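Student: What follows is the residue order along each chain.
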Amino acid sequence: MEPQFKAIADHALLVTFADEISEEAHAQVVALDMAIAADSPTGVIETVPALVNLLVSFDPVKTDHLKVEGHVRACLDGLEKQDVKGVQRTVQVCYDASFAPDLEAVAAATGLSTEAVINAHLAGDFQVLMYGFAPGYAYLAGVPKQIQVPRKQKPLRDVPAGSVIIAGQQCLITTLTMPTGWSIIGRSPTSIFTGDPDHPFLFDVGDRVVFERISRAAFEDQNQGRDHG
Amino acid sequence: MAEAAFSVSFAGPLVTFQDAGRPGNMRYGVAASGPMDRLAFEAAHAALGNAPGLTAVEVSLGGLVLQCTKGAVTVAITGGDFVVQHGGQKTGSWTILTIRKGERLSISAGKAGSWAYLAFAGKPDTADWLGSHATHSTSGFGGGVLQTGQAITLSEALVRDDRVGDILQPSFVARGPIRVVTGPQDQYFAEGSVARFVGGAFKVTDAYDRMGMRLSGPALELDGALSIPSEPIVRGSVQVSGDGIPTVLLADHQTTGGYPKIATVISCDTDRLAQFRAGQPLRFASVSGHQAIADVRLYLTEKAEYLEEISVARGTLDQRLMRENLIHGCIYD
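If you read the protein sequences in the order shown, they are chains F and D.
Residues are numbered in our numbering as their position in the first sequence, beginning at 1, plus a constant of 83.
Residues are numbered in our numbering as their position in the second sequence, beginning at 1, plus a constant of 68.
Next up, chain F with everything else stripped away, as it sits in the complex:
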């Protein structure tokens, strides 16, 4: 489908590549996002990449929907068909039972042992699709088919920050203590908030993510060294 342009109030333009989620549409979102970042037109404040569309937010005093659309069209003309090669990031996970209240249920639902569920998760090829829900909540696609489970019937309350949770093909490392209906399979000492003002979040949309298994002792060591800000 041809990219579609929609005015969002007085201050943004939504560029949509598809009606349904596809790798191709997401790749176009990321490529356009990068092109606009490299050559940002007058008045553009920020861009927000999502699954099938990119929001381009602007200052209505300095520009308008039509001017921004013209710039986006020029960017799209210059885009080459290519795979987006995001940076690879490593996230450590401890799968200790006390951190993984749903690991056994995932194993039971998929007919695997808990070790096999862990190994499948570690073998996943993950990519950052978008952020949403709460600060630093990065939706990663790439949970292998054999361990994909639907959301739980009942959300669990007060799930600690750092929990590694899965639902369907998506995986997420939580940043806040929050309720979740996703399956909790481990906990990470790797904070999505880096504390670096120039790069405050670990991932950019489009990045690749690999998980690295660590022991409970290594988790405790890492977590103590963590900057609680």
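Accuracy of the hints is not assured; some may be wrong.
Only part of the chain F face toward chain D is listed, based on derived beta-carbon distances under 7 Å [said to hold, decoys possible]:
1. I91
2. A92
3. H94
4. L97
5. I104
6. N136
7. A199
8. A203
9. G219
10. P283
11. F284
Calculated pairs, BS3-like style, for lysine-lysine (alpha carbon to alpha carbon, straight line, at most 30 Å) [said to hold, decoys possible]:
12. D:K191 x D:K158
13. F:K145 x D:K158
14. D:K179 x D:K271
15. F:K150 x D:K169
16. D:K191 x D:K169
17. D:K138 x D:K158
For the record, the hints were derived by calculation from the structure and aren't laboratory data.
All figures in this text were calculated on a predicted structure; none of them were measured in a lab.
Don't be surprised by glycine CBs; every beta carbon is placed ideally from N, CA and C.
Knowing the structure of chain F, use the given hints to seat chain D on it.
Tutor: Same frame as chain F, but now just chain D:
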């Protein structure tokens, strides 16, 4: 520089520190936050002669009571029609006063409005996150939610007696329907839903916080059971849940979400919408994107003129007495 300090004798729920907000982080799941009513917040600083965007306290309908424990500072209170009590005097919001050690200041819900702002002629010592002191209410990041019993310390606290008195309230703000640009997911709604939204009579419900305001009114049917990819959300997005109920997302909105959005409130109407209260009726009016930009540009010009006007110091008490007496044409010897 002089310091001043307060102890929080009482803080209702959702009383937070806010500065102008942290735009530029939506791609990381972070809404800009900042004041629910940006105009009232800006007016408080302008009327004090402050630089724009300093940290202030946003007071909810739950109210706030402070006790000054050290020093003295001049403060501005704006937003809605709240009740302000200080030194035996009871006034409304849109006022400037000086509070000194031992004195008490109370801001509580009045006849209208959901949010008031307490700005100081000084700098509150608050935590920042991503370069801003604005509180993101669901995470608590930023300056934070005020708690009964906590202390507030101010540096560079000034007494500005030349600014004490009433603040001229803005008269340029549009009344009437809240203006929206329809879409972007209007194609997911059943026929007639967009027309029912734009023409219908809605009410604010009590499901209202810094994230958003749920409305009641005509049901907005979706076109079948749909699984819609999560799409970006902005301040002002009107999302409709599966039960046909619209919610206007506000300062601490999620940045993406899978509910279809029927319309977006234009940026110069989100402040006045935020001041609505539960039970208050409201209607929406549709404008084009082009018209929305024209409306916002006019609003911003008028806002700049208004802020300029109220930023002029009124002068010392003597100067003011003289001027105001002359204006009223009667001088008492």
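Student: Could you run down the list of hints and mark each one as holding or not?
Tutor: Here is what the structure says about each hint:
1. I91: Result: holds, 5 Å to nearest chain D Cβ.
2. A92: holds, 4 Å
3. H94: This interface hint holds because 5 Å falls under the 7 Å limit.
4. L97: Result: holds, 5 Å to nearest chain D Cβ.
5. I104: Cβ of F:I104 sits 5 Å from chain D, so the hint holds.
6. N136: holds, 6 Å
7. A199: violated, 30 Å
8. A203: Cβ of F:A203 sits 25 Å from chain D, so the hint is violated.
9. G219: holds, 6 Å
10. P283: holds, 6 Å
11. F284: holds, 4 Å
12. D:K191 x D:K158: holds, 26 Å
13. F:K145 x D:K158: Roughly 44 Å separates the two Cα atoms, so the pair is violated.
14. D:K179 x D:K271: Holds - the C-alpha atoms of D:K271 and D:K179 are around 18 Å apart, at most 30 Å.
15. F:K150 x D:K169: Violated. F:K150 to D:K169 sits at ~55 Å, over the 30 Å cutoff.
16. D:K191 x D:K169: holds, 17 Å
17. D:K138 x D:K158: holds, 23 Å
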